[in-house]
Structures are given as structure tokens and as C-alpha cells.
Amino acid sequence: MASEKNTALEHEHMVHHDHVHDHDHDEHEESFVSKYVFSMDHKMISRQFLITAVVMAVIAMTMSIIFRMQLAWPGEKFAFVNAILGDKWGKDGILDPNMYLALVTIHGTIMVFFVLTGGLSGTFSNLLIPYQVGARDMASGFLNMLSYWFFFTSSVIMMVSCFIDDGPASAGWTVYPPLSALPEAIPGSKLGMTLWLVSMTLFVVSSLLGGLNYIITIINLRTKGMKMTRMPLTIWAFLITAILGVLSFPVLVSCVLLLIMDRSFNTSFYLSDIYIGGRPLDNMGGSPILFEHLFWFLGHPEVYIVLLPALGITSEIIATNSRKPIFGYRAMIGSMLAIGFLSFIVWGHHMFMTGMSPFLGSVFVFTTLLIAIPSAVKAFNYITTLWKGNIQYTTAMLFSIGLVSSFITGGVTGIILADSTLDINVHDTYFVVAHFHIVMGLSAIFGMFAGVYHWFPKLFLRMMNKKLGYLHFWLTFTCAYGVFFPMHFLGLAGVPRRYYTNSNFPMFDNLVDINEIVTIAAIIGALAQGIFLFNFFYSIFRGEKAPQNPWNSNSLEWTTPMANIHGNWPGQLPVVHRWAYDYSKPGKDKDFVPQTVPLEEGEHDGGAH
Amino acid sequence: MNFLVILAIVLLIVAGHQLLRIVELSRGLKKTNEWRITDTDNNMMGKSMLIFMILFFLFFIWQVERWADRSLPPAASEHGVKIDTLWDYNMYLCIIVFFVTNFFLFWYAYKYRGNSKATARFFPHDNRLEMAWTIVPAIVLAFVIIFGLKYWNEIMDESKDPNKVIVELYAKQFDWTARYTGPDGKLGSTDYRQINGSNAVGRDTADVTGNDDVLVKNEFHIPVNTEIELQMRSRDVIHSAYLPHFRAQMNCVPGMITYFKFKPTKTTEEMRKDPYTVKMMEGINKQRAKEGKEPVIFDYLLLCNKICGASHYGMQMNVIVDTPEDYKAWIEKKQGKTVAEKK
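If you're matching them up, the sequences are chains A and B in order.
Residues 69 to 677 in this note's numbering are what the first sequence lists, from first letter to last.
Residues 8 to 350 in this note's numbering are what the second sequence lists, from first letter to last.
Check each hint, because a few of them may be wrong.
Below, computed lysine to any residue pairings styled on SDA-like, alpha-carbon distance capped at 25 Å [to be verified]:
id, chain 1, residue 1, chain 2, residue 2
1, A, K145, B, A296
2, B, K118, A, W542
3, B, K286, A, F553
4, B, K224, A, I311
5, A, K295, A, L270
6, A, K535, B, S123
7, A, K145, A, G161
8, A, K658, B, L32
9, A, K535, B, A296
10, A, K653, B, N134
11, A, K658, A, P629
12, A, K456, B, L57
13, A, K526, A, S208
14, A, K653, B, D46
15, A, K535, B, S33
16, A, K292, A, H645
17, A, K613, B, L32
18, B, K54, B, W114
19, B, K157, A, L428
20, A, K656, B, K224
21, B, K54, B, L65
22, A, K456, B, Q201
23, B, K297, A, F573
Honestly, the hints are just simulated from the structure, not real lab data.
Keep in mind the model is a prediction, meaning the values are calculated, not measured.
Model the full structure from these sequences, guided by the hints.
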């Protein structure tokens with residue numbers, strides 16, 4: 069079946085290819101719509117995902133700046149807040165408490181799902197899977213196109229929900245019922261919540277279509293010689309990510325569906341014994357804890373859906389730019405598989421304090437702490453890859469090192485939060501906010517930046533500006549720690565998450581300056597993204613033309629011509645003879661050996677001596 | 008006004024565009040590849056990595072130095088002291104790993120910064136090394152798990168103390184009500200359909216054991232050195248009863264009762280005299296003076312720690328830890344009042 073499909077695709081391409089040769093300038097026959105809008109080409113879809121994610125990220129970042137300003141200077145009037153939110157939500161430039169919760173909610177939703185899941189996987193899985201396994205395109209270009217347009221539609225609905233009368237969903241990005249289920253509880257649980265649920269359902273459709281395509285392409289469409297153990301770690305990361313997504317996202321749909329039923333059809337899956345709006349509700353027998361289980365059964369794998377692609381991207385970039393093979397290739401695969409597997413049996417660590425049985429809690433402590441082992445292996449392997457390297461500081465490399473640092477710094481506090489005993493006192497405080505922003509948010513976004521800088525030549529056939537890249541990295545990296553490191557201390561002081569202000573009662577009055585430092589770092593960091601945006605959009609149109617293989621990299625994507633051609637390779641598909649990490653191999657005249665170069669006599673593959 | 012802003016933006020874009028044209032033209036003349044990484048770049052970035060590391064570590068130390076004494080005062084409950092001890096050991100571990108691994112990361116990033124004459128060492132794997140950093144974390148984590156679970160089981164175990172004081176914390180948007188047993192030592196059962204203006208916590212009026220239950224708002228009292236069993240309920244959405252000074256937290260979930268037990272070890276008065284607290288309150292009052300607010304004294308707090316709506320941030324209640332004698336006087340007065348009202 070697999071080979072049949074491959075041959076069919078190959079055949080189709082050959083026909084097309086010959087066709088192109090017959091009438092040399094026939095590239096124009098694709099219409100604007102089929103080339104730029106409803107494109108089925110993986111490279112174009114990748115660009116569509118990336119640009120959508122960039123727009124969404126800017127929106128989510130702006131939201132975070134608004135609520136950070138409120139937290140640092142509660143009650144101050146900001147023309148900026150009024151200009152963006154208008155008189156209804158930002159009267160006199162003061163943020164409305166309901167809107168504060170809405171911003172926090174939508175910021176989280178956009179970052180986790182639209183930027184770091186859709187944006188990260190969507191961009192790089194689409195770009196790199198066919199390129200790096202040596203395929204003409206995704207297994208199904210049509211489903212791939214649908215995947216993007218579902219993503220786009222769900223993004224639009226999420227954005228539309230910000231402009232409705234009662235405001236968008238505001239029950240936190242985890243949307244725990246009953247708060248999210250009862251319109252009486254919070255204005256955001258009226259139409260805003262309905263739109264949130266619809267948007268998320270469409271998002272899951274997009275994610276499933278994409279995920280199935282990634283898995284099938286990787287398993288079936290690898291070119292000759294591309295054994296599983298020769299695949300770059302990026303592909304392994306995308307494969308495991310896609311499997312996690314396919315297995316866990318449907319659970320989110322069931323979770324969301326039951327919530328829709330409770331909201332609109334008077335069922336009681338999550339509701340029981342509630343008195344609100346001056347009357348008792350009829351619902352009995354449901355439990356919000358069921359929602360939490362279903363939500364986190366997706367929610368925790370989701371963390372790794374966000375993180376693994378970033379780790380895969382980084383593995384590739386660190387190896388290339390250290391001019392060394394990635395240290396412990398098989399251990400890297402093994403640890404990703406272990407992380408992927410374990411991620412399904414740790415969800416309860418989000419629920420230690422929810423009223424879930426404490427015995428269940430102890431099981432989750434055990435499984436959660438196990439995840440630290442493969443994570444440690446990965447961190448040590450990255451560091452060893454740098455050891456005795458010949459490090460080439462591209463912007464992508466800087467961001468990759470930034471990722472390893474944030475992965476460690478955020479990871480260690482995971483040991484504390486995974487320990488239910490210690491979680492008692494920091495659960496839902498800023499300590500948690502600091503932890504997950506550093507380990508998941510920063511790592512994933514650094515991975516995404518690294519990917520954009522590294523593969524920009526493949527995405528847009530041009531180079532990004534190096535100096536602006538350097539400036540962007542150092543400002544982003546410094547400010548990122550400036551924002552999230554001090555939050556640990558807020559957590560240690562017992563400051564709860566999602567408080568509109570910390571000055572309503574005296575307990576946290578002495579923390580004002582910490583909040584100010586956080587916000588100032590956030591504002592500088594946000595402005596620094598302007599440098600990136602300029603560099604990105606400017607380089608798309610006017611950057612220097614990219615050469616064939618700017619980073620002297622081994623993987624297959626650098627063997628395709630620097631032109632976006634249908635089918636990726638003119639003529640035959642490349643044949644792979646070795647793994648992707650033969651950098652600085654002794655006895656070679658160059659410090660890299662592309663995967664298409666045949667093994668010499670007596671030469672071992674895969675780093676075996 | 009708006010027109011001027013738009014005009015200014017347009018002019019800025021035009022100016023920027025012209026500037027870029029000049030840069031592009033000069034680059035075209037030089038025929039350089041701006042993106043290519045030179046030895047100077049590598050040298051500069053490698054050194055920056057080292058400098059960043061030093062500043063990063065200094066930033067960490069600066070924060071600890073400046074902010075560590077703003078974290079919560081030492082635990083005021085029996086199990087809380089254990090949590091603090093365990094916390095310290097885990098934190099030392101985290102800080103050591105944080106420093107050591109970040110050090111090697113940035114040090115190697117500096118030391119092996121690229122150079123057109125250098126070659127990297129082909130070092131694809133080493134089984135002994137990989138075994139080492141699989142097994143060492145596994146052993147360390149085994150200890151973390153064992154100690155963590157030991158305390159967890161103790162803390163979460165059912166309260167078996169016959170002299171325990173039961174306090175029900177009843178959460179609703181956006182306040183707390185505490186319910187105590189009457190002289191009969193029993194809390195009456197509840198039925199949410201009976202909630203009304205005069206029955207705020209939904210006591211089941213058919214259950215006579217509840218007739219003498221005591222309801223208090225704004226602040227509730229508990230006796231020192233006595234086991235307190237908190238029973239938590241919610242009227243509308245999920246709330247979380249967070250008592251940071253006692254290292255106690257549990258969600259309040261509509262439709263079920265959740266439990267948390269603890270034994271306070273310091274009365275409010277003692278805590279107010281505790282040197283750590285005194286210093287912390289000085290810091291708080293200094294800031295309050297700056298903002299022109301009244302000075303305050305220390306109080307234990309019950310906070311809501313689960314997003315519950317617009318006024319989530321304002322949902323708290325004072326906790327007063329009394330000596331057993333003071334507590335007895337307080338609760339008997341409350342009970343007497345309740346009984347008198349019922350008659």
C-alpha cells in the first residue's frame with residue numbers, strides 16, 4: 069500500500085515534471101487562488117501557518133502587556149489601554165476586571181494552541197517532513213489544505229469572540245466548569261464561551277487532519293535509504309508529537325462536547341448542587357472533576373505537543389552549528405519516546421488540590437517525576453553536543469542555546485511542583501506561572517524562533533539579517549528571564565494566579581516592585597519583537613538571496629533547488645546513504661557529509677566507529 | 008489629530024524605506040554576504056554567552072538577597088514545618104542543578120565558540136556517559152519521590168483525632184462563610200435547594216443536628232495546637248481554600264465535600280511578634296506609607312485560589328488563631344448567641 073502510494077505520487081509528479089519541461093514557462097498556469105490561498109503545496113501551507121501564527125502571537129503578546137500593566141500599576145490610567153480596549157473595557161484607561169480575566173484566558177489559549185501548537189507544528193512539520201524524508205509532498209495535499217483552513221477559521225472565530233458584547237471567554241484557558249458553564253457566573257461564559265468551544269473544536273479538526281498527514285507521510289513516504297534510524301531528530305520529534313496529538317486531542321473534543329451539552333442542553337455532566345443567580349439549578353450528579361480529568365488528559369500531552377517540536381528543531385540546529393553529530397542520537401529518540409509515553413499518564417499532577425483522591429495523587433507523583441529522567445538525558449546530551457564543538461553562532465544557534473537554558477531553568481522547578489506535598493502551598497500561585505512559562509512557553513517560542521531563523525532560506529528563499537537577529541535574541545533572552553524569573557518569588561510569597569490586583573488587601577503590598585520589574589521587562593521584551601517582525605517581513609521581500617546550503621547542513625532539504633517547485637526535487641528523488649549527523653567526521657575533507665553522499669568502503673553509518 | 012498621526016506614520020514608513028534603499032545599494036556595491044557567520048561574530052557571541060551567564064547568576068543572587076525575606080513566614084502549622092523542610096531540600100537540589108547545568112551550557116558555548124581554523128571533535132555517543140546521566144537522576148528522584156509521598160500520605164490521611172475542631176468553609180462568589188458545630192458537636196446536613204436569604208449555606212432544615220450550627224463571616228477563629236478539620240463546600244463555581252501561612256490548600260467543588268486537616272502551632276498574637284513577621288510587616292507598611300495608606304498588623308488569611316469570577320481577587324477572610332481558652336470563650340459565646348436566636 070505504502071509503496072503503491074509512493075509510486076502513484078511519483079508518477080503524477082513525473083507527468084507534471086515532463087509537462088513543465090515541454091512548455092518551459094508553464095509555471096504561470098497555477099492561479100493566484102490555488103497558489104497562495106487554497107494551496108495544497110506543503111511549503112505554501114507551512115508559510116500560511118507561520119504568518120497566521122505570527123499575527124496571533126502579536127495579538128496574544130499585546131494582551132499580556134495590557135494585563136501586566138494592570139498588575140504593576142493597578143488603578144493607573146493608560147491611554148494605551150483605552151486606545152486598544154475602548155471605553156467599555158478600558159474606561160479612562162483602567163482595565164476592567166472582567167476583561168482582565170478575558171485577556172488572561174485568551175492570551176493563554178492563543179499562545180498554547182494557536183501559536184505553539186498550530187504555529188509551531190503547523191509550520192515546521194509541514195515544511196520539513198516532506199523535505200527531510202525526501203517526499204514530493206504530504207501524503208494528502210488536500211487534507212493538508214483543509215487542516216490549514218480549519219486552523220484559520222478557528223483563529224478567526226477566536227478573534228471574533230473578542231469583539232462581542234459580553235467579551236470573550238474568561239474562565240481561564242483551562243475553562244473549568246461550572247464557571248465556564250454558567251452564564252450567570254461571569255459574562256465571558258455567555259456567547260464568548262460558546263465561540264471559544266466552537267473555535268477549539270475546529271482547531272482540533274485542523275490538528276487531527278495535520279497530525280494524521282504527518283504520521284502517514286513519515287511512515288510511508290520516506291525516500292529510498294531513509295531508514296527510521298537515519299531520520300533527522302526533527303522528524304522523530306514531529307512524528308511523536310503528531311501521535312500524541314492524534315491520541316489526545318479527540319479527548320479534548322469529548323470534554324468540550326460534554327461542556328456544550330451542559331451549557332446548551334441542560335445535561336449535568338459537570339454540574340451538581342449549584343445555586344446561582346438567586347435560584348437553585350436542576351443539575352445534579354455531575355462533577356467538575358470529570359472535566360478536569362478529560363481536560364488534562366489532553367492538557368498534559370499538549371505540553372509535550374508544544375515542546376517536542378521545539379526540541380527536535382533545536383537538536384538539528386545545535387548539531388549543525390556545533391559542527392558535531394548530535395550526542396546520543398538513539399538516546400535522544402529513546403528519551404522522546406519515553407517522554408511521549410509518560411506524558412499520557414501524568415495528567416493528574418494538575419489536580420493534586422482539586423479534591424481528587426489523594427491516593428491517585430501519589431500515583432501521579434511517581435509517574436510525573438519519572439519524566440524528569442528522559443528530560444535530563446536530553447539536556448545533558450545537548451550540552452555534550454556543544455563540548456569540543458566548533459560553534460557557529462547563527463541567530464538560530466543562539467535561540468537553541470537559549471532553549472536549552474530555559475528548558476533546564478524551568479525544568480528544575482518541575483521537580484518541586486510534581487511533588488504533591490510541595491504543590492499544596494504553591495498550587496495555582498505565581499510559582500506555577502513562572503515554571504510553565506519558562507519550561508514550556510520560553511523553550512517552545514525559542515525553538516520556534518530558532519526554526520524560523522534557520523529555515524528562513526527554505527521558507528522564503530532569502531536570508532534574514534544577522535545583526536538584527538543578534539539584537540533580537542539578546543533582548544528577548546534577557547527580558548524573558550527578567551519577566552519570568554522574579555515570578556518565582558511572587559509564588560513563594562503566596563500570590564495566587566489570575567488576581568486582577570494584588571493590592572486589594574495588605575498581604576502583598578511589599579511585592580509592588582517585583583511586579584514592576586516583571587512588567588518593565590515584559591514591555592521591553594515585547595518591543596524587541598518589533599525588531600523580529602521588521603526583519604521577518606523585510607527579509608521576505610528584500611532579504612539577500614539564499615544560497616543552496618547556507619549552514620552547510622547534511623539533511624535533505626538543502627539538496628532541493630532554491631526555488632519553490634512542485635514536487636520539491638526536479639527529476640528523481642534523492643537516495644539516502646547515511647544518517648543526518650556526519651559533521652566533522654574524521655577522514656573527510658569537509659566538515660559535513662550530506663545524507664545523499666554514499667558511504668565509502670568500510671565506512672560505518674550512524675556514528676558507529 | 009488622527010490624521011496627523013496617520014501622516015506621521017506614513018512619512019516614517021517612507022523615510023524608513025528610503026534609508027533601507029541606501030543600505031541595500033551600499034551592500035550591493037560591497038558584494039558581501041551579510042548573513043555569513045564570521046570568526047568575529049563567533050568570538051563576540053561566545054563571549055556574550057559567558058557574560059550573560061555571569062549576569063544571569065548575579066541576577067539570581069540579587070533576587071534571593073533582595074526578595075527571599077518576602078516569601079511566606081515559616082509555617083504556622085505542624086505539617087507545614089515538614090513541608091518547609093522538604094521544600095528546602097528540594098530547593099537546594101534544584102538550585103544546584105540549575106547552577107551546574109547552566110554553567111556547563113554557557114561555559115561550553117563560550118569555550119567552543121567557532122573559529123575557521125578549528126575542527127570539532129566527532130563524538131557521536133558514549134554509552135557510559137549516557138548510562139551515568141540516566142541512572143544518577145533516577146536515584147536522586149527516587150529519594151524525592153519517597154520523601155514526598157511519605158509526607159503526602161501523612162498530610163492527606165483522614166483526621167482521626169477525637170478532639171478535633173471541625174470548621175466548614177463555604178465558598179460562594181465572592182465571599183467565605185465558616186460554619187461551626189453547636190454544642191452537639193455535629194454539623195447539620197445540607198441541601199442546596201433550601202438555600203435562601205435566611206439559610207445562606209443551604210442547611211437541611213429537616214436535620215435537627217444543624218439547628219445549633221454557628222455561622223461566621225469576615226473572620227473565623229481556631230484554637231492553637233488542636234487538629235482542625237476543614238470541610239469545604241461551594242455554592243456556585245470551583246473555589247479554592249488557600250491558607251498560605253499554614254501550607255494548606257484544597258479546592259471547594261460544587262456537589263461534593265473536600266477535606267483538609269492541619270494543626271496550627273502559633274497563635275495570631277505569637278505570629279505578630281515573630282521576628283520574621285515583624286520584619287515583613289515593616290516592609291508592607293513602608294510601601295503602604297508610600298501610597299498614603301494606613302499601617303496594618305499581621306493576620307492569617309484564607310484566600311480564594313481558583314479563578315471564580317470578576318472579584319476573585321477580593322475573596323478572602325481573616326483567620327484568628329487563639330489560645331484554647333480564648334477560643335473556648337469565643338465559640339461558646341457564638342453558640343450561645345445562635346441558640347438564643349433560634350429560641
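Going down the list of hints, with the structure as the test:
1. A:K145 / B:A296: The given pair, whose Cα atoms are some 22 Å apart, holds under the 25 Å limit.
2. B:K118 / A:W542: 19 Å, holds
3. B:K286 / A:F553: 24 Å, holds
4. B:K224 / A:I311: 52 Å, violated
5. A:K295 / A:L270: The given pair, whose Cα atoms are some 35 Å apart, is violated under the 25 Å limit.
6. A:K535 / B:S123: Between K535 of chain A and S123 of chain B the Cα gap is close to 20 Å, so the pair holds against 25 Å.
7. A:K145 / A:G161: Holds, because 4 Å separates the two Cα atoms, which is no more than 25 Å.
8. A:K658 / B:L32: Status violated; Cα separation ~34 Å.
9. A:K535 / B:A296: Between K535 of chain A and A296 of chain B the Cα gap is close to 47 Å, so the pair fails against 25 Å, i.e. violated.
10. A:K653 / B:N134: 19 Å, holds
11. A:K658 / A:P629: It holds: about 21 Å lies between the C-alpha atoms, which stays within 25 Å.
12. A:K456 / B:L57: Holds - the C-alpha atoms of L57 of chain B and K456 of chain A are around 16 Å apart, at most 25 Å.
13. A:K526 / A:S208: With a Cα-Cα distance of about 21 Å, the restraint between K526 of chain A and S208 of chain A holds, given a limit of 25 Å.
14. A:K653 / B:D46: 22 Å, holds
15. A:K535 / B:S33: Cα-Cα ~16 Å, so holds.
16. A:K292 / A:H645: Since the Cα atoms of K292 of chain A and H645 of chain A sit roughly 9 Å apart, the hinted pair holds (cutoff 25 Å).
17. A:K613 / B:L32: Distance ~15 Å between K613 of chain A and L32 of chain B Cα, so the pair holds.
18. B:K54 / B:W114: Given that 25 Å is the threshold and the Cα spacing comes to 9 Å, the pair holds.
19. B:K157 / A:L428: Answer holds: K157 of chain B to L428 of chain A is near 14 Å, not above 25 Å.
20. A:K656 / B:K224: 79 Å, violated
21. B:K54 / B:L65: Roughly 17 Å separates the two Cα atoms, so the pair holds.
22. A:K456 / B:Q201: This hinted pair is violated, its Cα atoms lying about 74 Å apart.
23. B:K297 / A:F573: Distance ~16 Å between K297 of chain B and F573 of chain A Cα, so the pair holds.
Violated hints, listed in ascending order, are 4, 5, 8, 9, 20, 22; each of the other numbered hints is respected by the structure.
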